[in-house]
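K.L.:
So the sequences go chain by chain: A and B. Read in order, the letters of the first sequence are residues 2 to 176 in the numbering used here. Read in order, the letters of the second sequence are residues 7 to 105 in the numbering used here.
Hints were generated in silico from the structure; no laboratory data involved. Note that the coordinates shown come from a computational prediction; the quantities given were computed from them, not determined experimentally. One or more of the hints may lead you astray.
[As the list claims (entries may be wrong)] Listed below are the simulated SDA-like cross-link pairs for lysine to any residue, each with C-alpha atoms no more than 25 Å apart in a straight line:
#1 A:Lys110 x B:Phe60
#2 A:Lys110 x A:Trp92
#3 A:Lys110 x B:Val70
#4 A:Lys110 x B:Leu104
#5 A:Lys110 x B:Ala72
#6 A:Lys110 x B:Leu102
#7 A:Lys110 x B:Val94
#8 A:Lys110 x B:Gln40
#9 A:Lys110 x B:Ala97
#10 A:Lys110 x B:Arg38
#11 A:Lys110 x A:Val21
[To be verified] Label-pair ranges, simulated between beta-carbon atoms:
#12 B:Arg32 x A:Gly16: 37 to 43 Å
#13 B:Leu104 x A:Val171: 47 to 53 Å
#14 B:Leu104 x A:Arg53: 47 to 53 Å
No residue lacks a Cβ here, since even glycine has one placed at the ideal position from N, Cα and C.
As a plain string of letters, each chain reads:
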Amino acid sequence: MFTGASQFALVGVIGGGGSVWAGAAAAALLGSRNALYGLRLSSLLGVRGPRRVLAAHFVIDETTAMAIARDDPSLSRFAFWATGVALFILWNLGTLVGAVAAHAFSNPKVLGLDAAPPAAFLALLAPRLRAREPLAIAIAAAVVAIAVLGFVPAGVPLLIVAVLVSIYGVLRTQR
Amino acid sequence: MIWAGVLVASVSCYALKLAGLSLPQRWLQDPRVQSTVPLIPIALLASLVATQTFSTGHHLVLDVRAAALGVAVIAVVLRAPFLIVVVVAAATAALLRLL
Numbered sequence: 002m003f004t005g006a007s008q009f010a011l012v013g014v015i016g017g018g019g020s021v022w023a024g025a026a027a028a029a030l031l032g033s034r035n036a037l038y039g040l041r042l043s044s045l046l047g048v049r050g051p052r053r054v055l056a057a058h059f060v061i062d063e064t065t066a067m068a069i070a071r072d073d074p075s076l077s078r079f080a081f082w083a084t085g086v087a088l089f090i091l092w093n094l095g096t097l098v099g100a101v102a103a104h105a106f107s108n109p110k111v112l113g114l115d116a117a118p119p120a121a122f123l124a125l126l127a128p129r130l131r132a133r134e135p136l137a138i139a140i141a142a143a144v145v146a147i148a149v150l151g152f153v154p155a156g157v158p159l160l161i162v163a164v165l166v167s168i169y170g171v172l173r174t175q176r
Numbered sequence: 007m008i009w010a011g012v013l014v015a016s017v018s019c020y021a022l023k024l025a026g027l028s029l030p031q032r033w034l035q036d037p038r039v040q041s042t043v044p045l046i047p048i049a050l051l052a053s054l055v056a057t058q059t060f061s062t063g064h065h066l067v068l069d070v071r072a073a074a075l076g077v078a079v080i081a082v083v084l085r086a087p088f089l090i091v092v093v094v095a096a097a098t099a100a101l102l103r104l105l
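Please work from the sequences and hints to get the whole structure.
P.N.:
This is the structure in C-alpha cells:
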C-alpha cells in the first residue's frame with residue numbers, strides 16, 4: 002500500500018482498538034481519490050501494458066501534483082516518474098527506520114508520539130481546506146465522529162462519516 | 007488476521023489507482039463522482055484528527071493531545087512543512103507530560 006493517508010488510517014484504527022477490517026475500509030475509502038488522480042494522469046502519461054501496472058503504484062497526491070503542474074507533456078511524465086521513484090524509496094526507507102527504531106522505546110507516550118498521528122492527519126487535511134465548504138465539511142465530520150464514538154466499535158465512526166459525506170456529495174450534485 | 011486486513015487494504019488501494027488509469031474516462035467523469043470523491047478524504051481526515059485527539063477507546067478524553075493539536079493548528083496556519091507540524095505536536099505533548 003503506497004499511499005500515506007491510507008497507511009496512517011489503517012494503523013490509526015487498529016492502534017485505537019478498532020477491527021482490522023474497519024481500518025482496511027477506511028484505508029480503501031481514503032484511497033478512492035487516487036482513482037480520480039489516475040483519471041487525470043492517464044492521458045498525460047499515456048502508459049500501456051506493464052508500464053501502466055507499474056505507473057499505477059505511483060499514483061498519489063505528490064506525483065499527481067508534480068505531473069499536472071508542468072506544461073510540457075514530456076516534463077510531466079518525467080516529473081511523475083522521478084517523484085514516484087524518489088518518494089517510493091525514501092518513504093519505505095523511513096518506514097523501515099521507524100519500524101526498527103520503535104523497538105527502542107518502551108513507552109512512546111514519553112516522546113509524545115501519541116500526539117503525532119492527529120497532527121499528521123491535520124497536516125494532510127489542511128491543504129484541502131482552502132474554501133468555506135470543505136472547512137464546514139471537516140468540522141461537521143469531526144463533530145459526527147466524536148458524537149458516535151461512544152456507541153459503535155472503534156473505526157466505525159470513520160465509515161459512518163464516509164457514508165454521510167458521500168450522500169451529501171451526491172445530493173449536492175443533483176440539485 | 008491483521009495481515010489479511012493489510013493485504014485487502016493494499017489490494018484495494020492499488021486497484022483504485024489502476025482503475026483510474028484504465029477505466030473508460032467517462033465512467034469517472036460522472037459529475038456525482040467528480041464532486042463527491044474529493045470530499046471523502048476531507049471528512050475522513052477530519053474524523054481521524056478528532057477521534058485520535060479526543061478519545062481513548064470508547065471514551066472522550068481531554069488530555070495533552072488537545073494542546074498538541076492546538077500547536078499543530080498554529081503550525082499548519084503558518085504553512086509549516088508536514089514534518090515540522092508532526093514534530094512540534096509530539097514535542098508539545100512530551101513537554102507537557104514532563105511538567
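K.L.:
Does each hint hold? Answer for all of them.
P.N.:
Do the hints match the structure? See the list:
1. A:Lys110 x B:Phe60: holds (15 Å)
2. A:Lys110 x A:Trp92: Measuring from Cα to Cα gives roughly 24 Å; hence the hint holds.
3. A:Lys110 x B:Val70: OK: Lys110 (chain A) and Val70 (chain B) at ~11 Å, within 25 Å.
4. A:Lys110 x B:Leu104: Status holds; Cα separation ~11 Å.
5. A:Lys110 x B:Ala72: holds (14 Å)
6. A:Lys110 x B:Leu102: This hinted pair holds, its Cα atoms lying about 11 Å apart.
7. A:Lys110 x B:Val94: Holds: Lys110 (chain A) and Val94 (chain B) sit about 14 Å apart, inside 25 Å.
8. A:Lys110 x B:Gln40: Status violated; Cα separation ~41 Å.
9. A:Lys110 x B:Ala97: holds (11 Å)
10. A:Lys110 x B:Arg38: violated (43 Å)
11. A:Lys110 x A:Val21: Status holds; Cα separation ~23 Å.
12. B:Arg32 x A:Gly16: 37 to 43 Å: holds (40 Å)
13. B:Leu104 x A:Val171: 47 to 53 Å: Cβ of Leu104 (chain B) to Cβ of Val171 (chain A): about 49 Å, so the range 47 to 53 Å holds.
14. B:Leu104 x A:Arg53: 47 to 53 Å: holds (52 Å)
Hints 8, 10 from the earlier list are contradicted by this structure; the remaining hints agree with it.
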